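The lines below spell out each chain.
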Amino acid sequence: QNPPKVALVMKSLANEFFLTMEEGAKAHQKAHAKEYTLIANGIKDETDAAAQIRIVEQMVAQKVDALVIAPADSKALVPAIKAAVDKGVLVVNIDNKLDPAALKEKGLQVPFVGPDNRAGAKLVGDALAKTLKAGDKVGIIEGVSTTFNAQQRTLGFQDAMKAANVTVLGVQSGQWEIDKGNSVASSMLREHPDLKALLAGNDSMALGAVAAVKAAGKTGKVTVVGYDNISAIKPMLQDGRVLATADQFAAKQAVFGIETALKALAAKTPQSGMPAEVKTDVVLVTRDSK
Amino acid sequence: MAASPAPVLALQGIGKDYAATVLDGVGLELRAGEVLALTGENGAGKSTLSKIICGLVTPTRGQMQLGGQPFAPRSRREAEAQGVRMVMQELGLVSNLTVAENLLMGHLPNRGGWLQRGRLRELAERQLARIGLTDIDPDMPVSRLGIGHQQMVEIARNLQDDTRILILDEPTAMLTPRETGRLFGQIAELAAAGVALIYVSHRLEELRRICDRVAVLRDGRLVDDRPMAGVSQADLVQRMIGRAVDDGAQRPRRPTGPLRLQVRGLGRAQVVRDVSLDLHSGEVLGLAGLVGSGRTELLRLIYGADKADRGTVELFTREGKPAPQWSSPVEAVRQRIGLVSEDRKSEGLLLPQPIRVNTTVSDLRAVSQAGWLQPAKESGTVKALVQKLRVRCRDEEQAVSALSGGNQQKVVFARWLHRDCEVLLLDEPTRGVDIGARADLYAELERMAADGRALLMVSSDLRELMDMCDRIGVMSGGRLVQVFERGEWTEQSLLAAAFSAASEKTIKETTA
Amino acid sequence: MSAALPARNGINAQLGTYLGLGVVLVGMIALFSSLSQYFFTTDTFVAIVNEIPALAVMAVGMTFVLMIAGIDLSVGSVLALSAALSAMAILQWGWSTPAAALVGLASGTLCGLLLGSVSVAWRLPSFIVSLGMLEVVRGGAYLVTGSRTQYVGDRIAGLAAPWIGGVSVSFVLAVVLVIVGQLVLTRTVFGRSVVGIGTNEEAMRLAGVDPRPVRIIVFALTGLLAGLAGLMQAARLEAADPNAGQGMELRVIAAVVIGGTSLMGGRGSVINTFIGVLIIAVLEAGLAQVGASEPSKRIITGCVIVVAVIVDTLRQRRADRG
Amino acid sequence: MSAALPARNGINAQLGTYLGLGVVLVGMIALFSSLSQYFFTTDTFVAIVNEIPALAVMAVGMTFVLMIAGIDLSVGSVLALSAALSAMAILQWGWSTPAAALVGLASGTLCGLLLGSVSVAWRLPSFIVSLGMLEVVRGGAYLVTGSRTQYVGDRIAGLAAPWIGGVSVSFVLAVVLVIVGQLVLTRTVFGRSVVGIGTNEEAMRLAGVDPRPVRIIVFALTGLLAGLAGLMQAARLEAADPNAGQGMELRVIAAVVIGGTSLMGGRGSVINTFIGVLIIAVLEAGLAQVGASEPSKRIITGCVIVVAVIVDTLRQRRADRG
Ligand SMILES: Nc1ncnc2c1ncn2[C@@H]1O[C@H](COP(=O)(O)OP(=O)(O)OP(=O)(O)O)[C@@H](O)[C@H]1O
Ligand SMILES: Nc1ncnc2c1ncn2[C@@H]1O[C@H](COP(=O)(O)OP(=O)(O)OP(=O)(O)O)[C@@H](O)[C@H]1O
Ligand SMILES: [Mg+2]
Ligand SMILES: [Mg+2]
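Residue numbers (the numbering used here), protein chains in the order written: chain A, 1 to 290; chain B, 1 to 512; chain C, 1 to 322; chain D, 1 to 322.
Derived by calculation from the structure, the hints in this document are not laboratory data. Please read these numbers as outputs of a predicted model, since none were measured by experiment. Note that beta-carbon positions come from the ideal geometry of N, C-alpha and C, so glycine has one too. The reader is advised that the hints may include incorrect statements.
To list a few chain C residues with every Cβ distance to chain A over 12 angstroms, as calculated [said to hold, decoys possible]:
| # | residue |
| --- | --- |
| 1 | L79 |
| 2 | M232 |
| 3 | A288 |
Calculated lysine to aspartate or glutamate pairs in the DMTMM-like style (CA-CA distance at most 25 angstroms, straight line) [unchecked claim]:
| # | chain 1 | residue 1 | chain 2 | residue 2 |
| --- | --- | --- | --- | --- |
| 4 | A | K221 | D | D210 |
| 5 | A | K218 | D | D154 |
| 6 | A | K218 | D | D43 |
| 7 | B | K345 | D | D210 |
| 8 | A | K218 | A | D99 |
| 9 | A | K87 | C | D43 |
| 10 | B | K321 | B | E347 |
| 11 | A | K137 | D | D154 |
| 12 | A | K130 | A | D99 |
| 13 | A | K234 | D | D154 |
| 14 | B | K307 | D | D210 |
Simulated restraints on C-beta separations [claimed, not checked]:
| # | chain 1 | residue 1 | chain 2 | residue 2 | range |
| --- | --- | --- | --- | --- | --- |
| 15 | B | T60 | D | P213 | 44 to 50 angstroms |
| 16 | D | I164 | A | A101 | 57 to 63 angstroms |
| 17 | C | P162 | B | R117 | 38 to 44 angstroms |
Input sequences plus hints: build the corresponding full structure.
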């Protein structure tokens, strides 16, 4: 009897977050080499659901036993997942939750193992709010506007700002990228000279925002926060150019998913018998976090 | 030629303005069954007038009547619908399509949009047969034909049954005597059948041979319109350019200097086979032959534009020392060898660029210092050349595309004068060049020869070769079959040599 | 010699045309089969076959566009818009599926028509007009969907449903379109006009063929096919994703060019385009199955594109000479 | 008439060349100024001016590439790779900043050289070779950085540091390169060869100018400039992002084409390219500043690209006729 074969399908592996996720999974597999084998894949463009479906289908053709997937789109992936389940593949959902309505329509039960992006963004927003007064003005730099995570994070930021009576002057997309984040940030700074803070949907855009703040000569006057806790953000947290970010423990996310899948495989639990949701941690990271 | 009293085509006060006025107040009548010669200097407006008649150019002023009805075609298609057709001066075939498709483009036989391939082939074969091209496979892509054959296809395309008026704009510029003869036969047949023809050419002896009437354009105006009978050649020239030219009277063989270019056993596939020849300082060597006999390819092999399969080419300096070998045009030009190619549009000119740019490309070092161009020096050099060759243009900044065909050829020539070539390879150098300009070019060639340079000239115009050359080599079926010394040749002996290698067979081989 | 020029020696020469690319394709399949025991299975090929219809259908259109020396960068956006409109027609306006599909196709055709007309009317290069369209149409797709993926469900899954041996309707349709496309290119007056215009537009004009309607039709057709690709994609996703098809234009063009169609116009073959599509699809599937890392995927993909074109070019040159 | 052909009536005609685009540019500035009170300020212009150097420098190279009827889709990837290599040279190998910058420039040049050589050696269209390079070089950037954004900090900020009146060294460098580029194009033997090869390559070859080295140099130069753009970008962001410059190739080409350079080769002007860059930069900055929504940004950008090209084309035609 061969050990079970697990496929890990992520979004863009050119994104540090998913790369860390992949590395965590590979390390875990190495440590448990006898228990399972792993095929990890990502897509080129984070939003390309069709490309991800192609990968899912190839994984089914590879006769994997379990599929751990971070869907590029919470709805568009459902039919492909249904097809996989029908072929007897056990599916676990990580990172980005599949749309409950779509799952229900297909009569599917897919466990979600992952963080709550909206809650995480609220944590970051709350930390920022502590440095602001009611009536202060801030801007949000969103990721690719059409993605679920971008929307959730923006909502979380807005929740926090509303609670603190801080005005959000605008939400603009920085497309998850450092360069776009930079130009959007500098436009916002010009249009709203009294801006007090910029909330970026990920750390890459936060890096861009920091550069924009510096170029506008407002270092220290405009606070920046991000999300994801990538390595390049650490020096910024240290010297205060970035106030806070959130850590979703990328390295552990996939591992949690894989463990859930392995447990079910070992116990021969059917897809329908799997738990509905396993929440993973999101923590606030600031200069003072260890 | 019994001309019916009412003209089929009548023009009144036709004028055309571009930046300048190129046609003005042209009035002309054409009767059924008549062949009208239209001649004039380069840039006189012959092609423009022809294009107006067949709907390609809209006149600025004036009216036309066709068969008594007002006639103002807005497109070539409209003109063709009324039986007015034209063989263009510049080639207009589509290289990726087959001969048959080119022949019938615009009215491909089809059923509901789907081609009827059998019928297409049949129609094409019939049309080719009219002008004696039974040896071309209609399903062959045009890109495989030499330029002379392409010209024949172009002519065949316009030989349709419903034609009332046919304009031929320098159809023989690329043709050799055999094809020319076939064409003239066809023209006579059409005229007999009541078609009215306009024949544009610079070859005055041709005009005298086949035309009933002659019209001369000068600077866009009609300066003469009279029956051909009784007009002398000198008379025509005088009318055309307002001065007489020396018609290359019998000159003795030029004194020849040392050997400059030695070709031994040069060959490529079946197109050029084992050609050996010598070219000396101060000599003009002509190359005659039928369409597709391999003359163009031979020049390209010598020049390095195509790679030879076998054989050698050696160059010697004036002092008789061997010069370095070359294997590309770039290296050839470095050795002061130049090529005037037969297809100036696609292989010669940078059409949208000004005359200045076109002239100096052959030697930019001469007008630059440390890689930087010297605008004043460049303009000065080009101005002088433009004047010397009498290029008809606004100034040296005019785009070459706006020049008439003959003047474009002069620009190509200017390029090699600028390079100061020691050996010049000329492929149909006077194609489409008027008699005045031709005299200018001949004079320049003469000067080059006298200066000890060596010239190798391909031409389909035997008269030109016989006038200009010291020796004439004749190619047939890819071989250099015979070389005549000055005084040894007659038109008949040259032609006989050209036909020697069972030419029908050759065409089949090279086109298969 | 491209297949647009009728082959002189019939079937044999025709087959020769596909040889260069065929070798690349077979080589890739052999390689991946040796790397992964499950690659050479029916499952894999059925999966590949069901992945390619959208790409293949767009590539058919793009072949015609490249043949007239044009380019259409907007196809990916058009795919998204047409899927989006169809989805909204079902979800918001309560239309029937066939009616909604028609809306999708019509919108694609209109986009192509607009692109073609603008570029013909002002004689602008289609590159830049379609670059503008890429942005405009993508914006349209965002507007229509409110920037959210619209889940439609089973009702639009028909095209992607497995049919004979697991092969989808989409694939059969794509193959039919490839064959029809090739026939249109080589056997119709329209197809010959396309070849002629791509080779020498001025000569065609002089021969009495107006290039403008032909150009416009080619772009409209490509728009229609991109719209169809949008429906095919939506059927697979059972949803309309406003981000669908981003960057797809370059994949499509890569497939067409790998298939030997010249970017300079006048030379190309729809069948070869299809082989180009297969090469890209097999490559992607194979790399996913062996679980190649992201950088190596990129590097291998890039190399395969260039190598495939080199192989095909060398074969073509040899054929032209012989 | 393109500025590559010296104007006939001196200064006046030369200015006329820039008129069409100038009108578009001024119109846009006026529009945004009326929409936002903070737009027409020194701050805005200084910010715009500091954002464009990377785009401008790449556009200079791309102008030359389009002039020879080529295209380079790999510039965005090359930007990322050269920034990545420079960053790693500083962070990992502990090199000095100038040495690291040299590595970045050298890598860019090498990429261009490779692209040019491959496309010349096998006579392949640069479109497809550079499409392959786009993938390969991006893969390289991921490899070098381990797919992680590398924060470098102040040490590489020099190029982006404000200089006279807040304007950065990068911008001054970009302007100098635009001027040098224009002079090279119009006043040197090399530039003349570029124009000639773009107009009729075969004619140039027969006139004794070898097109191959010229082509290779043009691509190498473009690679070098893309590498420089990578450094400028890294300096501004104080970090090297392996995803930087994605899709940048189309922005660069849009700027060059808006500037009136023909995709068919032989016609173009570096100065006009720079105006094209300004148009794109002002548009992006203006739309962000007035807080336009994502769909409207897309739609407006697309329309402006097409309209700018139409305006310029009409002006050019009028000039050619007059
Ligand atoms: N499209 C154009 N734009 C501007 N000028 C033109 C155009 N076409 C022709 N011309 C000019 O019109 C004049 C007449 O040209 P045309 O081609 O009719 O002369 P031609 O008599 O046929 O000369 P050739 O014997 O050289 O063929 C020339 O001076 C030419 O430069
Ligand atoms: N690339 C090619 N492939 C096949 N045949 C060719 C090719 N190039 C030339 N030929 C053929 O070789 C023969 C010699 O052509 P070439 O052009 O050298 O002849 P030419 O004497 O200059 O005649 P022309 O008057 O046609 O220019 C022609 O029959 C032509 O069709
Ligand atoms: Mg003429
Ligand atoms: Mg010839």
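Open item on the list: For K221 of chain A and D210 of chain D, compute the direct alpha-carbon distance and say whether it is at most 25 angstroms.
Closed with: violated (59 angstroms)
Open item on the list: Please verify whether K218 of chain A and D43 of chain D have alpha carbons no more than 25 angstroms apart.
Closed with: holds (12 angstroms)
Open item on the list: Please verify whether K137 of chain A and D154 of chain D have alpha carbons no more than 25 angstroms apart.
Closed with: Cα-Cα ~29 angstroms, so violated.
Task: Status of A288 of chain C, Cβ more than 12 angstroms from any chain A Cβ - done: At about 4 angstroms from chain A, A288 of chain C fails to clear the 12 angstroms cut-off, so the statement is violated.
Task: Pair hint K218 of chain A and D154 of chain D, alpha-carbon separation not exceeding 25 angstroms - done: holds (16 angstroms)
TODO: For the pair we were handed, K321 of chain B and E347 of chain B, check the Cα-Cα distance against 25 angstroms.
DONE: violated (32 angstroms)
Open item on the list: Within 44 to 50 angstroms: is that where the Cβ-Cβ distance between T60 of chain B and P213 of chain D falls?
Closed with: holds (47 angstroms)
- [ ] Just double-check L79 of chain C for me: nearest Cβ-Cβ distance to chain A has to come out over 12 angstroms.
- [x] Non-interface label on L79 of chain C violated, nearest chain A Cβ at 9 angstroms vs cutoff 12 angstroms.
Task: Pairwise hint evaluation, D210 of chain D against K307 of chain B, where the allowed Cα distance is 25 angstroms at most - done: holds (16 angstroms)
- [ ] Please test the hint of 57 to 63 angstroms on the beta carbon pair from I164 of chain D and A101 of chain A.
- [x] Hint holds: Cβ distance 59 angstroms, inside 57 to 63 angstroms.
Task: 25 angstroms limit on alpha-carbon distance, applied to hinted pair K345 of chain B and D210 of chain D - done: holds (19 angstroms)
- [ ] Below or equal to 25 angstroms on CA atoms is what counts here, so check K218 of chain A against D99 of chain A.
- [x] Violated, at roughly 42 angstroms.
Hint violations for this structure: numbers 1, 2, 3, 4, 8, 10, 11 and 12, all remaining hints satisfied.
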